[in-house]
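Order-wise, the sequence lines are chains X and B.
For the first sequence, the tail end lands on 456 under UniProt numbering, and the numbers increase by one without skipping.
For the second sequence, the tail end lands on 456 under UniProt numbering, and the numbers increase by one without skipping.
Treat the hints as calculated values from the structure; they're not laboratory data.
Be aware that one or more of the hints could be misleading.
The list treats identical chains as one, so a pair stands whether inside a single copy or across any two.
Pairs of lysine to any residue residues, derived as SDA-like cross-links and limited to a Cα-Cα distance of at most 25 Å, are as follows [what the hints assert, rightly or not]:
{"id": "1", "residue 1": "Lys426", "residue 2": "Asp170"}
{"id": "2", "residue 1": "Lys383", "residue 2": "Glu280"}
{"id": "3", "residue 1": "Lys422", "residue 2": "Gln285"}
{"id": "4", "residue 1": "Lys123", "residue 2": "Glu32"}
{"id": "5", "residue 1": "Lys123", "residue 2": "Thr384"}
{"id": "6", "residue 1": "Lys426", "residue 2": "Gly171"}
{"id": "7", "residue 1": "Lys426", "residue 2": "Gln297"}
{"id": "8", "residue 1": "Lys284", "residue 2": "Ala216"}
Protein chains: 2
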Amino acid sequence: MNERMIKELQELLSPEQVSVNSTVLEQHAKDESHHPSHLPDVVVFPTCTEDVSRVLTWANENRVPVVPFGVGSGLEGQAIPYQGGISLDFQQMNHILEIRAEDMLVRVQPGVTRMQLNRELKKHGLFFSVDPGADATLGGMAATNASGTTSVRYGIMRDQVRDLEVVLVDGRVIRTGGKSAKSSSGYHLTGLFVGSEGTLGVFTELTLRLYGIPEATMSARASFPAISDAVNTAYAIMAAGIPVARLELVDARSIRQVNTYKGTTYPESATLFLEFHGNEAGLKQDIAFARELADEQQCTAFVFESESLGQAALWEARHHMAYAFMHGYPGRGMLTTDVCVPLSELTGAIAFAEEQLASTGMIGAIVGHVGDGNFHTLLMIDKTNPQEVEQAEKVNDYIVNYALERGGTCTGEHGVGIGKIKYQEKEHGTALDVMRSMKEMFDPQNILNPGKILPL
Amino acid sequence: MNERMIKELQELLSPEQVSVNSTVLEQHAKDESHHPSHLPDVVVFPTCTEDVSRVLTWANENRVPVVPFGVGSGLEGQAIPYQGGISLDFQQMNHILEIRAEDMLVRVQPGVTRMQLNRELKKHGLFFSVDPGADATLGGMAATNASGTTSVRYGIMRDQVRDLEVVLVDGRVIRTGGKSAKSSSGYHLTGLFVGSEGTLGVFTELTLRLYGIPEATMSARASFPAISDAVNTAYAIMAAGIPVARLELVDARSIRQVNTYKGTTYPESATLFLEFHGNEAGLKQDIAFARELADEQQCTAFVFESESLGQAALWEARHHMAYAFMHGYPGRGMLTTDVCVPLSELTGAIAFAEEQLASTGMIGAIVGHVGDGNFHTLLMIDKTNPQEVEQAEKVNDYIVNYALERGGTCTGEHGVGIGKIKYQEKEHGTALDVMRSMKEMFDPQNILNPGKILPL
Numbered sequence: 001m002n003e004r005m006i007k008e009l010q011e012l013l014s015p016e017q018v019s020v021n022s023t024v025l026e027q028h029a030k031d032e033s034h035h036p037s038h039l040p041d042v043v044v045f046p047t048c049t050e051d052v053s054r055v056l057t058w059a060n061e062n063r064v065p066v067v068p069f070g071v072g073s074g075l076e077g078q079a080i081p082y083q084g085g086i087s088l089d090f091q092q093m094n095h096i097l098e099i100r101a102e103d104m105l106v107r108v109q110p111g112v113t114r115m116q117l118n119r120e121l122k123k124h125g126l127f128f129s130v131d132p133g134a135d136a137t138l139g140g141m142a143a144t145n146a147s148g149t150t151s152v153r154y155g156i157m158r159d160q161v162r163d164l165e166v167v168l169v170d171g172r173v174i175r176t177g178g179k180s181a182k183s184s185s186g187y188h189l190t191g192l193f194v195g196s197e198g199t200l201g202v203f204t205e206l207t208l209r210l211y212g213i214p215e216a217t218m219s220a221r222a223s224f225p226a227i228s229d230a231v232n233t234a235y236a237i238m239a240a241g242i243p244v245a246r247l248e249l250v251d252a253r254s255i256r257q258v259n260t261y262k263g264t265t266y267p268e269s270a271t272l273f274l275e276f277h278g279n280e281a282g283l284k285q286d287i288a289f290a291r292e293l294a295d296e297q298q299c300t301a302f303v304f305e306s307e308s309l310g311q312a313a314l315w316e317a318r319h320h321m322a323y324a325f326m327h328g329y330p331g332r333g334m335l336t337t338d339v340c341v342p343l344s345e346l347t348g349a350i351a352f353a354e355e356q357l358a359s360t361g362m363i364g365a366i367v368g369h370v371g372d373g374n375f376h377t378l379l380m381i382d383k384t385n386p387q388e389v390e391q392a393e394k395v396n397d398y399i400v401n402y403a404l405e406r407g408g409t410c411t412g413e414h415g416v417g418i419g420k421i422k423y424q425e426k427e428h429g430t431a432l433d434v435m436r437s438m439k440e441m442f443d444p445q446n447i448l449n450p451g452k453i454l455p456l
Numbered sequence: 001m002n003e004r005m006i007k008e009l010q011e012l013l014s015p016e017q018v019s020v021n022s023t024v025l026e027q028h029a030k031d032e033s034h035h036p037s038h039l040p041d042v043v044v045f046p047t048c049t050e051d052v053s054r055v056l057t058w059a060n061e062n063r064v065p066v067v068p069f070g071v072g073s074g075l076e077g078q079a080i081p082y083q084g085g086i087s088l089d090f091q092q093m094n095h096i097l098e099i100r101a102e103d104m105l106v107r108v109q110p111g112v113t114r115m116q117l118n119r120e121l122k123k124h125g126l127f128f129s130v131d132p133g134a135d136a137t138l139g140g141m142a143a144t145n146a147s148g149t150t151s152v153r154y155g156i157m158r159d160q161v162r163d164l165e166v167v168l169v170d171g172r173v174i175r176t177g178g179k180s181a182k183s184s185s186g187y188h189l190t191g192l193f194v195g196s197e198g199t200l201g202v203f204t205e206l207t208l209r210l211y212g213i214p215e216a217t218m219s220a221r222a223s224f225p226a227i228s229d230a231v232n233t234a235y236a237i238m239a240a241g242i243p244v245a246r247l248e249l250v251d252a253r254s255i256r257q258v259n260t261y262k263g264t265t266y267p268e269s270a271t272l273f274l275e276f277h278g279n280e281a282g283l284k285q286d287i288a289f290a291r292e293l294a295d296e297q298q299c300t301a302f303v304f305e306s307e308s309l310g311q312a313a314l315w316e317a318r319h320h321m322a323y324a325f326m327h328g329y330p331g332r333g334m335l336t337t338d339v340c341v342p343l344s345e346l347t348g349a350i351a352f353a354e355e356q357l358a359s360t361g362m363i364g365a366i367v368g369h370v371g372d373g374n375f376h377t378l379l380m381i382d383k384t385n386p387q388e389v390e391q392a393e394k395v396n397d398y399i400v401n402y403a404l405e406r407g408g409t410c411t412g413e414h415g416v417g418i419g420k421i422k423y424q425e426k427e428h429g430t431a432l433d434v435m436r437s438m439k440e441m442f443d444p445q446n447i448l449n450p451g452k453i454l455p456l
């Protein structure tokens, strides 16, 4: 992009909304992954749908790439502008537009973060369920179809989006859904745009489903001698149909790391973190049943956290796991695998990942949303050491192929970005041709987040 | 279609799989709606994916329309071949291919019906949740994105489909999903094909999510002096977050009709039929809470059906409502409205429908999946009387417009077919252009169920 183009963008919006400041460019060159950074040519800060529409129309005419940016918490390079062009930063479109408490719906701009939303919703006795750990923007979470700890009970991001306002590449604005709980009208564009990572259109508004804060919440920790005992317990809980709200596996290495980082004293063995939502009487019965199932798998300690402080500490520990490793190994980066497998394959898949960690001797750990069959292998790597990077990528590759060969997916919740492009053919086969046609239909000049999701 | 073409089809498959018998043609000319019938030129019975692929390739080359057919229980004319051509009947593709009990998944051919599936699943302690009343095929239910009484708890058809095998118009075969509980890989084609009513491709296999049969089930009937009291109670139950499994409104006229038809003695006033799934202790607390909320709305009788026979009778009565009217008024047809509105608009929308019934003096009733905001106005019409048909269509029109003006949808679960085409523009606005482009991309010659969903 040349100076004339920057000037045109400034005239299109306003000079303050267009930045080529080098610090600003650098802030938009990376995400939280191990993927290499790349500078955009310019960062644009839209304040309304009309701004986004103008920018896209201009970019499409001038064949300039546009890459949406939330807070940069992505894990597969989705927001990194590898072909330069415009980083479209939604930090000024961060307004909660309408809380329809009586309809359990909220209408937000894409730059609103999930914690910002939940702080506001609490006043109405409501909450937004998807919890990926990071305080991501809702636009970014919809773009990658994020999920996280509570999806085993409340579903993934795609399940929560009722309506999207989307700007198409030529500047047209569409709405994909409505406000009713269900509909059989028209083609389901909402579900298609969720998870499309900015490659088909750009979100400017989201209508999301909410839930009432449950009458009662109980958390528990269950410790096991071996990781397989923990995974088998998770499987037994799911098979029994206990409506658990969170069901997280944390391995011994992770517990050790979090104890060091947070000063906690959790027993350093394979652990399940559990949460139950419901009414008091029902919860007690659910928990008693879960405990029985844990005991059958040699559970060594089953500890309740019924007070909200203890619960908060437990889930903070879980959410800070990645940071615990990053702080514990300064100078190293993290590569995180993200496969999801059918439940019956989970014990085998986690054992396989364990073997990879053991045989390579890499620094790392395993954590997982095991109720969904989704787990992460965290690998701490020295990014300046090509051999170590290669080794981590090999481990990722083995784990992905193991999952794909058993009907699983290369990404349960982090999305494709650039990291999972090479598995698209193996996972989707001939359906990939349809996806390519779709991309061509929505974005014939390939300016919308080019180089993401689809292999060339 | 001429004789040569029929002959070609017979050679392509086998003579027994291709019928021009007039009785067979007539069986494929109609569904269960008030929409006019129309004969196909030929009925083809595929036995495998390869058959479907061959037929579509041939039809696309010869520009012959193809309309998939399940059991003809649709309510908006989806399976009626208005442009003649091939009715593709899936009755021979009715095999349950694989029950993966440990993954809570089943793989079926599209001609399997939901009752056939549930009979088989019961042996494994599992069930398939979507219950539209009719014993529809799973292929048809996916094509129209069906839902029904249990969707308030378990979700709609789109939520249950994990993977589809789809034959595209040129004969290519794709798979849209996988076997894991969630995925963020590639574009979400599964959600797009569900609800596409055979206009984008033809399903040849479905992988569906299952649930464990709940530990305990309780049903109840709550009677109210006025329909608004019943609707307000339904709303209060939803707002309180009680995880009700079924929450059905049946008005006084419906109860009267079902008492006549089934010999039941339910009190003839506005009624909620409720069902709760869970553990014993939790259920008791949920029901006590629901009862309190009903009492606050002048509930006159709250009657439990804890025995499975009483429960079965209750839900059979609910499911036979439409038949009760059809048997009660021989010679008349039924037009059923199907709007779904945001929950806060439900009381108003049902009162509006009540007014329509009262002011026109039409024979009819109101029933609804009120936990979702979805209700049906059943209108019994003499189809040979044009004035009566016009009046019913006007009532439908008023009710749809009322819903659309309040963020609702013209169809909660019956689909668009031909009946809701005229509302697509008002409901979807500029998004309709995207839907049109999509149809053109998947079916450039417009042979896949032509004339359905999209206005010309």
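Outcome of the hint check:
| no. | hint | verdict |
| --- | --- | --- |
| 1 | Lys426 <-> Asp170 | between (32 Å within a copy, 22 Å between copies) |
| 2 | Lys383 <-> Glu280 | neither (49 Å within a copy, 55 Å between copies) |
| 3 | Lys422 <-> Gln285 | neither (46 Å within a copy, 51 Å between copies) |
| 4 | Lys123 <-> Glu32 | neither (32 Å within a copy, 48 Å between copies) |
| 5 | Lys123 <-> Thr384 | neither (48 Å within a copy, 57 Å between copies) |
| 6 | Lys426 <-> Gly171 | between (34 Å within a copy, 21 Å between copies) |
| 7 | Lys426 <-> Gln297 | neither (36 Å within a copy, 57 Å between copies) |
| 8 | Lys284 <-> Ala216 | both (10 Å within a copy, 16 Å between copies) |
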